[in-house]
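Protein chains in written order, with the numbering used here: chain A, 1 to 481; chain B, 1 to 384.
Hints are computed from structural coordinates only; laboratory data are not their basis.
Some clues are possibly wrong.
[Unchecked claim] Simulated DEER-style distance windows between Cβ atoms:
id : chain 1 : residue 1 : chain 2 : residue 2 : range
1  : A       : Asp115    : B       : Glu345    : 38 to 48 Å
2  : A       : Gly232    : B       : Ser350    : 22 to 32 Å
3  : B       : Ile56     : A       : Glu327    : 40 to 50 Å
4  : A       : Gly140    : B       : Asp19     : 53 to 63 Å
5  : B       : Ala197    : A       : Val111    : 23 to 33 Å
6  : A       : Val111    : B       : Pro333    : 50 to 60 Å
7  : A       : Ser15     : B       : Asp19     : 45 to 55 Å
[Said to hold, decoys possible] Just so you have them, the derived chain B footprint on chain A, three or more residues with Cβ under 8 Å:
id : region
8  : 73-82
9  : 170-178
10 : 194-205
11 : 422-433
Every residue gets a Cβ at the ideal spot worked out from N, C-alpha and C, and that includes glycine.
What follows is the residue order along each chain.
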Amino acid sequence: MSTIAMPAPDASILSRKDQIVAALAEAIGAEDVISDPVETRAYECDALTAYRCPPLAVTLPRTTEGVAAVMRVCHQMGVPVVPRGAGTSLAGGALPTADSVILGTARLRDVLEVDYPNRFIRVQTGVTNLSVSAHVDADGFFYAPDPSSQLACAIAGNIAMNSGGAHCLKYGVTTNNLLGVRMVLADGEIVELGGAQMEAGGLDLLGLICGSEGQLAVVTEATLRILPKPEGARPVMIGYDSAEVAGQCVADIIKSGLLPVAIEYMDRPCIEVVENFAHAGYPICEALLIVEVEGSEAEIEDQLGKITAIAQSLDPVEMRVSESLEESAAIWKGRKSAFGAMGQVNDYMCLDGTVPVSALPRTLRGIGDLAAEHGLRVANVFHAGDGNMHPLILYNANTAGDLERAEALGAEILRLCVEMGGCLTGEHGVGIEKRDLMGNQFSESDLEMQMQVKDVFDPNWRLNPTKVFPLPASETRRNRA
Amino acid sequence: MSALLTPANEAELAETVADAAASHTRLRIRGGGTRSVIGQAIETDTTLSTDRLTGITLYEPGSLNMVVRAGTPLDEVTSALATENQHLAFEPMDHRGLLGSNGTPTVGGMVAAAISGPRRLAVGACRDHLLGVRFVNGRGEVLKNGGRVMKNVTGLDLAKLMCGAYGTLGILTEVSLKTLPRPETACTLAFPGLTVAQATDLFCAALGTPYEVSGAAWQNGTAYLRLEGFDLQVRNRATQLQARFRDLDSDRIEGAGHAALWRDIRDLTAFQGRDDTLWRLSLKPTDAAPLTSHLHDRLGAEASLDWGGGLIWLSVPAHHADPAPVIRDALAPYGGHATLIRAPEDLRRSTPVFQPQAPALARISEGLRARFDPDHILNPGLMG
Numbered sequence: 001m002s003t004i005a006m007p008a009p010d011a012s013i014l015s016r017k018d019q020i021v022a023a024l025a026e027a028i029g030a031e032d033v034i035s036d037p038v039e040t041r042a043y044e045c046d047a048l049t050a051y052r053c054p055p056l057a058v059t060l061p062r063t064t065e066g067v068a069a070v071m072r073v074c075h076q077m078g079v080p081v082v083p084r085g086a087g088t089s090l091a092g093g094a095l096p097t098a099d100s101v102i103l104g105t106a107r108l109r110d111v112l113e114v115d116y117p118n119r120f121i122r123v124q125t126g127v128t129n130l131s132v133s134a135h136v137d138a139d140g141f142f143y144a145p146d147p148s149s150q151l152a153c154a155i156a157g158n159i160a161m162n163s164g165g166a167h168c169l170k171y172g173v174t175t176n177n178l179l180g181v182r183m184v185l186a187d188g189e190i191v192e193l194g195g196a197q198m199e200a201g202g203l204d205l206l207g208l209i210c211g212s213e214g215q216l217a218v219v220t221e222a223t224l225r226i227l228p229k230p231e232g233a234r235p236v237m238i239g240y241d242s243a244e245v246a247g248q249c250v251a252d253i254i255k256s257g258l259l260p261v262a263i264e265y266m267d268r269p270c271i272e273v274v275e276n277f278a279h280a281g282y283p284i285c286e287a288l289l290i291v292e293v294e295g296s297e298a299e300i301e302d303q304l305g306k307i308t309a310i311a312q313s314l315d316p317v318e319m320r321v322s323e324s325l326e327e328s329a330a331i332w333k334g335r336k337s338a339f340g341a342m343g344q345v346n347d348y349m350c351l352d353g354t355v356p357v358s359a360l361p362r363t364l365r366g367i368g369d370l371a372a373e374h375g376l377r378v379a380n381v382f383h384a385g386d387g388n389m390h391p392l393i394l395y396n397a398n399t400a401g402d403l404e405r406a407e408a409l410g411a412e413i414l415r416l417c418v419e420m421g422g423c424l425t426g427e428h429g430v431g432i433e434k435r436d437l438m439g440n441q442f443s444e445s446d447l448e449m450q451m452q453v454k455d456v457f458d459p460n461w462r463l464n465p466t467k468v469f470p471l472p473a474s475e476t477r478r479n480r481a
Numbered sequence: 001m002s003a004l005l006t007p008a009n010e011a012e013l014a015e016t017v018a019d020a021a022a023s024h025t026r027l028r029i030r031g032g033g034t035r036s037v038i039g040q041a042i043e044t045d046t047t048l049s050t051d052r053l054t055g056i057t058l059y060e061p062g063s064l065n066m067v068v069r070a071g072t073p074l075d076e077v078t079s080a081l082a083t084e085n086q087h088l089a090f091e092p093m094d095h096r097g098l099l100g101s102n103g104t105p106t107v108g109g110m111v112a113a114a115i116s117g118p119r120r121l122a123v124g125a126c127r128d129h130l131l132g133v134r135f136v137n138g139r140g141e142v143l144k145n146g147g148r149v150m151k152n153v154t155g156l157d158l159a160k161l162m163c164g165a166y167g168t169l170g171i172l173t174e175v176s177l178k179t180l181p182r183p184e185t186a187c188t189l190a191f192p193g194l195t196v197a198q199a200t201d202l203f204c205a206a207l208g209t210p211y212e213v214s215g216a217a218w219q220n221g222t223a224y225l226r227l228e229g230f231d232l233q234v235r236n237r238a239t240q241l242q243a244r245f246r247d248l249d250s251d252r253i254e255g256a257g258h259a260a261l262w263r264d265i266r267d268l269t270a271f272q273g274r275d276d277t278l279w280r281l282s283l284k285p286t287d288a289a290p291l292t293s294h295l296h297d298r299l300g301a302e303a304s305l306d307w308g309g310g311l312i313w314l315s316v317p318a319h320h321a322d323p324a325p326v327i328r329d330a331l332a333p334y335g336g337h338a339t340l341i342r343a344p345e346d347l348r349r350s351t352p353v354f355q356p357q358a359p360a361l362a363r364i365s366e367g368l369r370a371r372f373d374p375d376h377i378l379n380p381g382l383m384g
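Throw the hints in and build the complete structure from the sequences for me.
Below is the structure:
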């Protein structure tokens, strides 16, 4: 079995299941509470499927007040709450424990306000990422963060994990596009931070909430910045015979003053699988870059000219500038199907350690060496412009011991990212997956300070208590609860 | 008896703070001292300066990242970035002219006070370009958070919390900043003879186009729209915008004088050297016109706009001893906030400098300060 431990459930909570469920049903209505063990199974895991545990109950409130009512019940009855967006977390952020109540945002689906002159949209946080952009698309606007799970993932989860996507180099991540939230504290109190204006007053609590993985509050409404859509966009695909040269190309493009909306990177193991699956016409080489720029036709032409000149000077094995919508789609097709293609041929574990862009080639070499040592294959497909790596560790879930070996390699890779001046996770979150690696990035005092921040918001440690912080570090606080 | 503490490095600073905590000595934290009059007046005789914590510890232009000690003069950072044709894109304002202060702005002071400028509209604020921090909390512990990369969700984001905390949660010792390429060229369209209402209409329309306006300010009846980027891009976009707003008179400002224009807008030259109280209001752009009109009628207040109307600078004649209640009452229906930036010291004692917070938020902020600085020695009371 797998290597990440979860604490034993609190027997006194399990024994009170009927009373707790009754109180929840009274608070928000029985139709929004799930307690049948067959039905709660649907909530036993998120996208980190190696770890599963059905919760005590699931609540799906429809309003902020409903969320507050659930939180009050759990607060009064001493029950842990695990917030859940769409359940697409790759880090186990929404993994329940048997003694916890899932607080799902699935029924918080309303768009509350759209304001084009002031360029914002206010939504309930259960809406999906893509539906936000879809809502304003016809009027020429979009919401910039675009994680690859955007069809399914909820804004609630985006805020919890400070999600990014392919276009962060230009548009930033969730925290740079979030103007305000309405949220519920662990005791059920409703609080608002920020608003439609560009700055929230006082301490930057909004910045603290974003990326806090459901540790501090449950965000029920969000005011998001929307942007006018660019006139057009076109990519160029560039292949190199070495990771170093591809890394050099990325650095040279960035230094030139160009700010492409995306610089995507695929290595040979990934290109081979993707080409076999999607037939995108990729050259089989060591490193493939897809660089996309935006603007009017003339501006795109101008910028692509500058990029191809930089790329050409580094002697690419192939370079193809898209000349049409069809060619753009073909170039992106392989990249966008990479995860699916990989899933067809292998089980894989996807990491998202981030390193400074200049350290990419060294990190890739290091990952290759580590993979060889562990006897596993790793394919790399990632956002090179911001250094957000996505090494896919390939393993076979049916082979005994393979998952454990993959996890051990994953831990080594993430330690390497930290050594290179980077971090454990760029956008997936710590969850349970990287919880026990936090000591590699932070000192005991660093973690203690972060836990004291949680103490302020959630003094009894009832909100997602087994995540983010190493279990031994949080043990006293969790047991005090 | 007043004392000036000038620790030579981070370790010494931590020791100094630990000693101060042990003896319950309140510390006024000073970077370059150019913004020391912002905030609630502090009662203490002991000042801790970061001016010996200097130097750029790491600069990787290809990674768009600089790590620099907190006491480093901003000029030094700007010069180093310029050699690589980069800059701090959020365009931090220089308060010396406005506040009549001397000294030199430091990187730590800029982050502690969350200072941005006109380009904040397009690229985000200081906090959006702050990748990581090292700081010493009120217990004298050296802590770090964030790092050197722009995508990072490893642990709670205390770096954001430190930005704009005015040293009340900890003393910054080192910051890691995102750097960006300087635009190749720039051009500004000036639209004279506009009211606040006409200017905000223009801003809202222009910012709804795909032309990536990087500055939208209004001063003395003229609205300015700035475009930056590659030559062809800027020329195209200026032409498009002029065509779109052809009903309004407009001039193009380019070349010599362009940088000076935006420096004047950034540093609010128009409001320098006045005997007034100066307020900084943040609200939705479409609320700027009714609010400024109301406050002009009530207080004779004069306004200047930035960030497409989302930021209002308000100069209130000095004969209004405390205009805070009028300003904040007027602002209440719009949900923004107002901060007192320039005022006589007695007003900074008697009236809330920062927008009073809802009880729950005030309680959380107080709780955080109690954890970061249990002995209340770091700029105590500066933020209220």
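| query | Okay, isoleucine 56 (chain B) versus glutamate 327 (chain A) on CB: inside 40 to 50 Å? | reply | holds (44 Å)
| field | Satisfaction of the hinted span 22 to 32 Å by the C-beta atoms belonging to glycine 232 (chain A) and serine 350 (chain B) | value | violated (56 Å)
| said: Verify the CB-CB distance for glycine 140 (chain A) and aspartate 19 (chain B) against the hinted window 53 to 63 Å. | reply: Check passed, 59 Å falls within 53 to 63 Å.
| request: Could you check the hint for me, namely that aspartate 115 (chain A) and glutamate 345 (chain B) are 38 to 48 Å apart, CB to CB? | output: Holds, since aspartate 115 (chain A) and glutamate 345 (chain B) (Cβ atoms, about 40 Å apart) stay within the stated range.
| request: Examine the region 170-178 of chain A: at least three residues should have C-beta closer than 8 Å to a C-beta of chain B. | output: holds (count 4)
| task | Starting from the range 50 to 60 Å, see whether the pair valine 111 (chain A) and proline 333 (chain B) falls in it by beta-carbon distance. | result | violated (23 Å)
| said: Count the residues of the region 194-205 of chain A whose Cβ falls closer than 8 Å to any Cβ of chain B, and tell me whether that reaches three. | reply: The restraint on the region 194-205 of chain A holds, since 11 of its residues have a Cβ under 8 Å from chain B and three suffice.
| Can the region 73-82 of chain A be counted as covered by chain B under the rule of three residues or more with Cβ-Cβ separation shorter than 8 Å? | It is violated, with 0 qualifying residues against the three required.
| query | Within 23 to 33 Å or not, the Cβ separation of alanine 197 (chain B) and valine 111 (chain A)? | reply | holds (28 Å)
| message | Tell me whether the statement that chain B covers the region 422-433 of chain A is true, taking a Cβ distance below 8 Å and needing three residues at minimum. | response | holds (count 9)
| query | Taking 45 to 55 Å as the hint, is the beta-carbon distance of serine 15 (chain A) and aspartate 19 (chain B) inside that range? | reply | Given about 52 Å between the Cβ atoms, the range holds.
Against the hints set out earlier in the document, violations occur for numbers 2, 6 and 8.
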